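Peer 1: Chain by chain, the residues:
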Amino acid sequence: MTSAAAAELKQAARTTSAPLVSLRGIGVNYGAVTAVADVDLDLVAGEIVALCGDNGAGKSSLVKVISGAAQPSRGALLIDGEPARFSGPQDALRRGVATIYQELALAPRLAIYQNVFLGAELTRMIGPLRLLDKARMMAEAKAYLARLAVTIDDMRRPVEKLSGGQRQAIAIARALRWNANLVIMDEPTAALGVRETAQVHDLIRRLAQDGRAVLLISHSMPDVAALARRVVIMKHGRKVIDRAVAGLSADDIGHMIASGKDI
Amino acid sequence: MGAVSAVEPLSIGRVLWANSLVLMLVSVIALFSILLPDSYFSLANAQMISSTNAVLALLALAAVIPLVSGQFDMSIGFTLALSQSICAGLIIHSGVPPLIAGAVVLLIGMVIGLVNGLLVARAGLNAFITTLATGIVVQGFAQLYTGGASVFGRMPPLFLAWGRDRLLGVPLPLIYVLVVSTAMWAILRYTDWGRRCYAIGGNAKAARLIGIPVERMTVQVFVASGALAALAGILSTSILGSANPNIGLNYLLPAFAAVFLGAAPTGPGRFNAWGTVVAVYALAAGIGGLQQLGAAFYVEQFFNGGALLLAVALARWMAVRAAATR
Numbered sequence: 333m334t335s336a337a338a339a340e341l342k343q344a345a346r347t348t349s350a351p352l353v354s355l356r357g358i359g360v361n362y363g364a365v366t367a368v369a370d371v372d373l374d375l376v377a378g379e380i381v382a383l384c385g386d387n388g389a390g391k392s393s394l395v396k397v398i399s400g401a402a403q404p405s406r407g408a409l410l411i412d413g414e415p416a417r418f419s420g421p422q423d424a425l426r427r428g429v430a431t432i433y434q435e436l437a438l439a440p441r442l443a444i445y446q447n448v449f450l451g452a453e454l455t456r457m458i459g460p461l462r463l464l465d466k467a468r469m470m471a472e473a474k475a476y477l478a479r480l481a482v483t484i485d486d487m488r489r490p491v492e493k494l495s496g497g498q499r500q501a502i503a504i505a506r507a508l509r510w511n512a513n514l515v516i517m518d519e520p521t522a523a524l525g526v527r528e529t530a531q532v533h534d535l536i537r538r539l540a541q542d543g544r545a546v547l548l549i550s551h552s553m554p555d556v557a558a559l560a561r562r563v564v565i566m567k568h569g570r571k572v573i574d575r576a577v578a579g580l581s582a583d584d585i586g587h588m589i590a591s592g593k594d595i
Numbered sequence: 234m235g236a237v238s239a240v241e242p243l244s245i246g247r248v249l250w251a252n253s254l255v256l257m258l259v260s261v262i263a264l265f266s267i268l269l270p271d272s273y274f275s276l277a278n279a280q281m282i283s284s285t286n287a288v289l290a291l292l293a294l295a296a297v298i299p300l301v302s303g304q305f306d307m308s309i310g311f312t313l314a315l316s317q318s319i320c321a322g323l324i325i326h327s328g329v330p331p332l333i334a335g336a337v338v339l340l341i342g343m344v345i346g347l348v349n350g351l352l353v354a355r356a357g358l359n360a361f362i363t364t365l366a367t368g369i370v371v372q373g374f375a376q377l378y379t380g381g382a383s384v385f386g387r388m389p390p391l392f393l394a395w396g397r398d399r400l401l402g403v404p405l406p407l408i409y410v411l412v413v414s415t416a417m418w419a420i421l422r423y424t425d426w427g428r429r430c431y432a433i434g435g436n437a438k439a440a441r442l443i444g445i446p447v448e449r450m451t452v453q454v455f456v457a458s459g460a461l462a463a464l465a466g467i468l469s470t471s472i473l474g475s476a477n478p479n480i481g482l483n484y485l486l487p488a489f490a491a492v493f494l495g496a497a498p499t500g501p502g503r504f505n506a507w508g509t510v511v512a513v514y515a516l517a518a519g520i521g522g523l524q525q526l527g528a529a530f531y532v533e534q535f536f537n538g539g540a541l542l543l544a545v546a547l548a549r550w551m552a553v554r555a556a557a558t559r
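Chains C and W, in that order, give the protein sequences.
Read in order, the letters of the first sequence are residues 333 to 595 in our numbering.
Read in order, the letters of the second sequence are residues 234 to 559 in our numbering.
One chain only, chain C, in its complex shape:
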C-alpha cells in the first residue's frame, strides 16, 4: 500500500468517528446586539470545513468562541462530547484547539525552532539547572515540518528570512507541537502570491491528512472550492447553509454567500 493510500484510509477511518468539537445552540450577544444566534456545528477529524459569510455575518464572533477568545452568551461547546469552557486562547490550545491568526503570531527575529516551541520550550536538567534543550527542539521542529512535507535545513534561521508560505508552515508546525486536534485558520492565503497560495493549500491538506480537523475562515472562494469538503455559510448571525462542497464552483459559493440561499 502506498503511503498516500494509507493516509486516505487513515483519514476515512477518522472521519467516520465522532466529532472532535461540537457547537450546540451557540449565541453571542454584545449588549443588545446579537452577533451569533443558535449555531450548531460539528467538526470532525480529517475534514476541512470552510466558514464563510459577509463581513458582520458573525464569523469572527463564532470563531472567538471556538478559539477561546470569548465566552458564548448561550449554548454549549463540546470537546470529544464533553462540555468545555475555555478561559482563554491558551486554555483552548492546551485542550487541542489551535488558532492560526492572519498575522501568524510569530516572533520574526527568533529562530524557526524557537517559534515552534514559543512559550512551551523543551528543557533538560543539568544538575540543579533547568536549561533549554536546543538540539531536541531543533530535531522535533524539523520533524513537525517534515510531516507537512516542508524541508528547511537550518532550524536556527530567523523567521523573518522565510517566505510567506514558509511562515504559515511554522505557524502550523506550532499547532502540531501542541498536538492540536482542531486547527482554526484565519484567511491563511490573504497576503500571498499565486505560488505561495498553492504551497499553503498543500500544507492545509497535509494537516487534514494528518488527522486534524481544519476550520478555514476565508473570503477567497477559489480557496474554499479547492480545499474544503464542507462549507458553512453565515448570514445575520445565523448558520444558513451547511453542505458538501463537491460539485460547487467558486462562483456558486460566492452566490450562496451573497444570497444566503442554497442552490
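Heads up, a few of these hints could be off.
Listed below are the simulated DSS-like cross-link pairs for lysine-lysine, each with C-alpha atoms no more than 27 Å apart in a straight line [stated by the list, open to error]:
hint	chain 1	residue 1	chain 2	residue 2
1	W	438	C	493
2	C	474	C	493
3	C	567	C	396
4	C	593	C	396
5	W	438	C	396
6	C	567	C	593
7	C	493	C	466
8	C	466	W	438
9	C	474	W	438
Hints were generated in silico from the structure; no laboratory data involved.
Fair warning: this is a prediction, and the values are worked out from it, not measured in the lab.
Got chain C sorted already, so can you dock chain W onto it with the hints?
Peer 2: Okay, now just chain W, sitting in the frame of chain C:
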C-alpha cells in the same frame, strides 16, 4: 515548498562585522599602545580603565534585560545615583554595617523596579515615558536624602576593599562585571525565561496568545533591572568612597550608547550581555587613549556619540547589502 539553503553567504565582510566590537577593542588598545608605549601600554592603566568602567558596564547590563523584552528603563541612571547616596549615607552618617547597607539599597532598587514594572505591565503605560518620570522622582529622592550635596566621610576599609582590591592583578570590579554578564548571557540564552524575554520583545501579542505570562514577566524584568542598577550604585560607592546624588544622567546616556553599540553587529533588537560589556570597554579604551594624548574631557561625548552613529549606519548598510545579495 523548496529546501532553503542553510548556509548564509559567508563573506569576509560578514565575519569581520560579526566580530567588529572585539576588533574595535583590540585595535583601539593596539593603536594607543603604539602611540603611548609608556603610559597607555601598562598594567596600571588597564587596571584603572577596567575598574572605573565596571560601574558603567553593570548599569548597561541593567538596561539590557528590559530592552530584550522590548521595554526601555530610563530610570536606571537615577536609581544608581540614589543607591550611591543611600549606601554612602547609611555607612558614613548612620554607621550601618556595609552588608546591611548594601542589602537595603538592593531592596530599594528592586522596589523602584517593581513600581516601574507594575506601571508598565498592569497600568499599561509606555515604558520610556513612565521610567523617565519615575527616574526624575528617584533623582528627587536622592537630592532629598543628601540635601543635594555629595556625601563624604570615613568608610570601613573592608567595604572600600570590595571596590578597590585585585585578585591576581585583576580588579575585583571587572570580576563582578564578568560574573554578572556571564550569568545574564546564560540566562538569556539557555533558559526558557530568557528565551521568553526575547519572545516578548519580538512579538508581545504572539507571546500572550501562546500563554506566556507577559505582564508577570514584564514586572520581573523591571525588578531585575532595578536590582542591577542598585548593584552598580553600591559598587560605585565602594570604588569612590563617596556619593554624588546628581550623577544619574552622566551614567544613563553612555550606558544606553554601549547597549545599542553592543547590539549593532548582531542585528536590530538582538541586545545581549557580551556585546554590551565589550562595547563599554571598547569605548572606554578609546576615550582613555585620547585623553592621554591630551584631548579635553569632552572628547568622551564625541567618541561615544560618533561610535554609536557609525555603528547604526554600518548596521543599516550591512542589512541593505544582505537583502540585495539574497
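Peer 1: For each hint given before, does the structure comply? Return the numbers of the non-compliant ones in rising order.
Peer 2: Hint check: nothing fails, all pass.
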